[in-house]
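There are 2 protein chains.
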Amino acid sequence: MTTAQDGINGSLAVVGLGPGAVDLMAPRARAALETAEVVVGYRTYLDLVRDCLNPASVVLSSSMMQEIDRCRAALEMAGQGRRVALVCGGDPGIYAMAGLVFELARTTDAAVPIDVIPGIAALNSCAAVLGAPLMHDFAAISLSDLMTPWDLIERRLEAVAPVDFVVVIYNPKSKKRTDQIVRAREIMLAHRSPDTPVGIVSGATRAHETVRLTTLARMLDEDIGMQTTVIVGNSQTFVWRGKMVTPRGYDRKYGL
Amino acid sequence: MTTAQDGINGSLAVVGLGPGAVDLMAPRARAALETAEVVVGYRTYLDLVRDCLNPASVVLSSSMMQEIDRCRAALEMAGQGRRVALVCGGDPGIYAMAGLVFELARTTDAAVPIDVIPGIAALNSCAAVLGAPLMHDFAAISLSDLMTPWDLIERRLEAVAPVDFVVVIYNPKSKKRTDQIVRAREIMLAHRSPDTPVGIVSGATRAHETVRLTTLARMLDEDIGMQTTVIVGNSQTFVWRGKMVTPRGYDRKYGL
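Read top to bottom, the protein sequences are chains A and B.
Per our numbering, the first sequence runs over residues 1 to 256.
Per our numbering, the second sequence runs over residues 1001 to 1256.
Please note: incorrect hints may appear among the correct ones.
[As the list claims (entries may be wrong)] Restraint-style ranges between C-beta atoms, simulated for each label pair:
#, chain 1, residue 1, chain 2, residue 2, range
1, B, Arg1218, A, Trp240, 29 to 39 Å
2, A, Val59, B, Trp1150, 47 to 57 Å
3, A, Arg241, B, Val1058, 31 to 41 Å
4, A, Met226, B, Arg1206, 34 to 44 Å
5, B, Leu1146, A, Leu220, 34 to 44 Å
6, A, Glu34, B, Trp1150, 20 to 30 Å
7, A, Arg218, B, Trp1240, 42 to 52 Å
8, B, Glu1158, A, Glu186, 16 to 26 Å
9, A, Arg252, B, Val1058, 41 to 51 Å
10, B, Tyr1254, A, Leu152, 16 to 26 Å
11, B, Asp1223, A, Pro27, 30 to 40 Å
12, A, Leu189, B, Glu1158, 21 to 31 Å
Simulated from the structure, these hints should not be mistaken for laboratory data.
We put the CB at the ideal spot given by N, CA and C, even for glycine.
Start from the sequences, fold in the hints, and give me the full structure.
Following this line, the structure appears as structure tokens:
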């Protein structure tokens, strides 16, 4: 019981599962799940990796809106000397749980070692299924104004639109939050051609994956929801044989 | 020889190796390397995965500045009916080869299937070793003006600095190109506190990994080179127990 009480041997791995396909999860993530004494996570993500878990480990699953409780429980168990894995979809460091874990640990100045195991994030996997839209400078922006003032989100959209960043939009829309994607499109359209390619991806690399290629003009005709990632191309982005591609500049420099 | 001539069975997988640690490469990437008849890549990346390659496969390695030749060779071999893997460090879709492959394929309207296997990019792995600096909206900007006019790069820096994006800087400096990072810092400093945390990472997850935490004021005292990624925090980013963390906004919304 000594180790459990002083927490010396406890540790917390914040584990990125990647986009969902099991063969896109890093072996380091799998090893962390297999060796954890306690696995904590949102139910849907745990279901994806049920086969990787050690039958002897304690599994704490929770519903989606309980991120704070989930992270706190993971830190507490680690502080009691357990080897804990907290699972996140995608990459823990991109719009996921890694930051919240450190924020909570700071409030108690927790000494337990915290390790972030990176994963293939939605922006990586969505880009891959679309082709290669992120080959030049890009900005990632969440349209969720739950924790960020909408004014700041809008100013960020206004900032990146005129200087030709590719834009990756996270959390474009939910049942209650439907205006933001309309406004985001307006801002982009004020600076870019209506023909600018737009890629819309849900469930990348999973069984229910949908990949749609459209344009700034027509993007709102598509079904967009909570789990959707929207990638707006820059002025050079093209579509060829169903792939969305942003050139890096080789053609201008060297000719192809 | 029919399949080789008509190219029906050829395919090209553009494979992301991840940051370098073998246990951060996705199983799908490993499988593509193991089953490829031809593996094409930059020598340094091939050395990282030598153990994964099928001894029977043809390996075409090249030096760094030959990207166009490398991609063209991979497409040609695939067009001749071979199963080809083109290896990239990190994620093929982020400042790597996926875009160039599609650009070249378009010039001949090549019909060969091209599949991008995403990987953990430098931005994901550098963020993980630093802590959680990318937890809020961020922009990725390459300072290389080889194929992008410096004026546009500078305008992008000017656009993102005042609206509090975390900024991930790729290609900050090379032997011949030393001024850009100086100018980038000046632009950030015009809008952010000199105490803003800055993370500087080289060789993330490899044996020679170096991780340094500094500030906008002092960042130029650090060694920065071709293989370095620089992450500049936003106004909320903090450092706690050697970790660089950007809060998402839970504290303001819910209290922690």
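- Report the numbers of all earlier hints that the structure fails to satisfy, in ascending order. Per hint list: 1, 3, 6, 9 violated.
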